[in-house]
Each structure stands twice: as structure tokens, then as C-alpha cells.
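Visitor: So the chains spell out like this:
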Amino acid sequence: MAIINLRKKEVQAKIVYYGPGRGGKTTNLDYLYKKLRDRIKTEMVTIKTHGDRTLFFDFLPIEIGKIKGYDIRIQLYTVPGQVKYDATRRLVLRGVDGIVFVADSLEVRRKENILSLKNLSDNLAAYKKSIFDIPLVMQYNKRDLSEEGLPLIPFESLEKDLNTKLKAPSFEASALKGPNVIQTMKKIIIMTIDSLQRELR
Amino acid sequence: MTQSMDDKGLKAQVENRLADLFSDEEGSLETMEEGRSMDDHPFKELKVLLLSIEWEITDDAMDSLIREIKGRETAYHDDRIILTFLQLLGSAAKYIKVNKSKAHPKATRVISLVYTALEKVALSEGMAQAEKEKILLDEVARFKRLREEVKVRKEEIKAQVSSKTRGVSVRQEREAVVTPPEETPAASEPEKIRVQPDLGRIPPHEAFAHALEEIKEVIRAEFKALRAEIRLWRESG
Amino acid sequence: MNNHRKNEAGESFNHVFDKEQLIRIEEILGQDLMDLGVHAVFLIDLAGNVIASLDNGDWQHDIYSLAALAAGNFGAVSTMARLIGEEEFSLLFHKGKKESIHFSKVSDDFLLITIFGKELSLGFLRLKVAEASQKVAEILGS
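Residue numbers (the numbering used here), protein chains in the order written: chain A, 17 to 217; chain B, -17 to 219; chain C, 85 to 226.
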């Protein structure tokens, strides 16, 4: 549910990073925060457990500057991935305008990816939203682990498991090292703003 | 030999430990007495009601509070100091009840502080009369300050009403118009003040008596004004 | 002017707030709450976005993070209420040594967050917030 303020000439939109536990959602935001904090004023808020797992959400607001005379303010959120935090995930999804699905490329996590995507679809439905109607980008994270000899799910298999019907833009990425983290964010922001324009027309 | 020393040492340790553990019990009679006095707290119900309006102000809560204050006034009718405290509380409570969200923001704070002073005076055993009078005088002064600010605020609202062309509720207007009854007794107050000796130079208990008289007048005037407001409010439906 | 769009299921879509609405909202929040001596007041949506914000000039804190956390907090507490069989709680309030924070729902989609100090009693503030929320709800519905 984006907010358009005609007085301040400002648009606020909410993007949520979703996916299975330990898949790299928070790592995405950590990386973005590290890269952006020198260039723009931004603070990252995290609510974590003692074991450093996301408990409630992480939050990173980004002002991307003026576009067509409007200040665009993007609020990035992550959800807690552990299965037991489903009610919390649903809360954080409230008013979402765009989603990045962060899938875990590790072979052993194949089932978790599929279950998490189904969970996303169900939670969106609770808000009478369809996963097909909302801007969505797929990120297949942890590709760097192939260098450590860990078995990864091939790109084609991930696409088949998660993206056959959705046909969302997808990126292979490493949130830890950096490749495609910024590109993922850029893509979802562009898609989200684009969809907002369409909504307003 | 070592064994007997150990025994002695152990015994001492146990004695010490027992002394530590049970030393608190020596105070138990006191705590029992304290407990009793909590039950006998003379303003327990009043305190409960005041605490509840700190959290939520409703008509029922205010009615209960005003009733309780009246009840306590009857119980303490022959204690000048306590009675005056209660009268201050009653006046402020009625003001809040009538004005509700339009009341002066400090009013609830003043009630709370006046009560705290009342409790201090009522529960401190052996407090000197002079000290009680001093505390009451401080609260009377606080009450008067609030009253002044309420007056000033009403004038400001009145001024705003006459200059603004929109945006002020009918109720605000009515409240601003109600000021007159209060002003009549106030007109007589300057007389009183002129006649009053310099409070700093006369004996404390005399100063106190003068202040008491003054506040009695003030409270009488307050009640008169409030009754008028309540009447107008009721009539407006 | 219908700028609060809903789909067939009644779910809110994007909100567009025009100048007139925002000016009127700020007026109400200023007169009814800021003039009392409240330190800061925010009108936010349940997604954590800020619609209007006023403060007393001494305010140094990040309102966007506060808004996100406030929405999350309110959302979590509301969900707990439903879990225990309550429709909603009538009070969400956190008391600090110097600053306290009060949450109040304004119609279905918005929250009024008020931050105030020891000078104001909660009971009185709630009266004022209820009034202000009502007025703001009328503007938002228009």
C-alpha cells in the first residue's frame, strides 16, 4: 500500500525480502546498508534473537532521490524465515508493494524454498492479494558456495521449482560477496514504481 | 583437635547463617503494623480513583471521584487542613468533569500533586502543625496558579472566537461566555488583598489563617462558577 | 474526491493525499495535540509509512524507523489480542522515565502515535487523542 503525498511530493513504497530461514534475506540488507551508508543517509533497524536470527524484521529505508519531481522513498524489510514465525511474516507483509524472494541455492534446502514460496502465496492471499499480481523478483542466493565445493541446485532446477508459473525476473547472487545484490534491489524498485504508476492511472 | 575446631567453626557458620536468614523476621512486627496501616489508609479509595483517572478519564470515574471526595469531606469536617485539601481536590475534579477534553492540560497533574501532599500530611505521624500548614499553603498556591492559567486561557479562547470566522466549536464559545459569574467575586478579592497584612511579616499561623480564608472565598467562587457552567451545559443538551 | 482506492474485496490499495487534506490534518494535530505540549505526533499507516509528522523542534530521532517499528508493534499486539479472543485492545501505551508513547487507531488503516513527557497525564491525553483521531478520520474518509 504505497503512500503518495502530493504536498511533500513524496512516494513511499514497501518492499519485503521473503524466503526460507538462513537463506540470506538479512544478508542482502546488510550488504545494501554497507554500500549505501556512505552515499546516502540511512540507518538499518534490526530486531534479532540472541542467536542473530531475525526475530521480527529488519528495516532499511532508502531515499532514491527525485523522479519526475517526486521524492521516492523505498522501505526495505525482511521477514523472519524460521517456520515458527509465520504470524510475524504475515504482519510484516502488510501493505507490501514489491517482493524479493531470496531462495537458498544449497541442494539440501530445495524443499524449504518451495515451502517458503507457497507460504508467501498463502500469506498474500490473507490480504486478498495474489502472488501473480504483485511485483516480484527471484534471487537465487549463495551461488558463491560452489567455490567451497558445496552441492548447489542448478539454475534451471530453481527456475523449474519456483518460477515456472510466475515467470519473474531472476538473478543468481551472493548476498555475502555482493554479486547481483544491488541489481536485484534496482530491479524490484523499478518494477514496484512502475506498477504504482499503473495503479494511479 | 582439628575436628573440634571444625565443629566450633561449623557451628559459628551455622549460627551466622541462621542469624542472616532470620534477621528479617525481627522486623516482622513492624511490617505487620505497616500492613495494618495500609488497610487503614484513610484515603485508599480516593487514591484508587485518582490512579484510575490517570489512565482513563470517564464520566463514571469522575462522578465516583467527586462522590468519594465529598464523603471524605464529611469524615474530616473538623480537620481544617485535611478539609481544605479535599476542597481543592473537589474543585479541580469538578472542573475536569465539566470541561473534559477542553480542560487545562495541567489540571490532572495538579490533582495528582495536591493528593500527594494530602497523603503526606495525613499519614505522617507527629508532623508539626506548622509544617502541615506550610504544605497546604504550597498546594493552595499551586491551585491558584492553575486557576489563573485557566482564566488566561479562557480569555484567549474568547479572543480567538471573536476574531476567527471558522473552526471553533459551539461548546468552546459557550465556555468562554461563562466567565462572567467568576469575575464578580474576583472583583471583591482586590479588597481582601488590600486589607491583608504582609504575609511575610506576620506569625506563620496567622498567615495561614488568612490564606485559608482567601482560599475558602476562591473555592466558593469556583463552585458558583462551576454550577453556572453545569447548568448551561445541561441546558445545551 | 475519492483518493482511497479499494478493490472488490475491500482491501486498501494506494493512498494519495492531497495538499488540502494534509494541511487540515497538520492543523488538527498541531492544535489538539502539539499545543498541549506533546513532544511529537505521527500519523502512519499500518504498513509503516508516514503520512504526517509534527514535533516540538527538539526532536532528533528517525521518524521512518520509528514508524516501521510502531506499525510492527501495533500489528503484533493486535494479533495477540485476536489470539486471546479479544477484538482489540483499548490501550497501547509504553511508559518511559522521560518520554512515553501512545498508540491510537484512526479508522481501519491508520495509526496516531503520540510521544509525550511527564507534564501530561495519560488519561487527559487519551481524551485529546480520541477527539483528534475522530477529526482526522473524517478528513481521511473524505
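Possibly wrong hints are sitting among the right ones.
Claimed, not checked - Covered stretches of chain A (in silico footprint by chain C; criterion: 3 or more residues with CB under 8 Å from a CB of chain C, positions within the stretch not fixed):
{"#": "1", "stretch": "21 to 33"}
{"#": "2", "stretch": "71 to 79"}
{"#": "3", "stretch": "169 to 179"}
If you're looking for bench data, these hints aren't it; they were derived computationally from the structure. Cβ coordinates follow ideal geometry from the N, Cα and C atoms, glycine included.
Visitor: For every hint, state whether the structure bears it out.
Guide: Going through the hints against the structure:
1. Counting residues of the stretch 21 to 33 of chain A whose beta carbon lies closer than 8 Å to any beta carbon of chain C gives 6, which meets the minimum of three for the stated coverage.
2. Counting residues of the stretch 71 to 79 of chain A whose beta carbon lies closer than 8 Å to any beta carbon of chain C gives 4, which reaches the threshold of three, so the coverage claim holds.
3. With a threshold of 8 Å between beta carbons, the proposed coverage of the stretch 169 to 179 of chain A by chain C is violated, since 0 of its residues qualify and at least three are required.
Figure legend: structure checked against the earlier numbered hints; the only hint not met is number 3.
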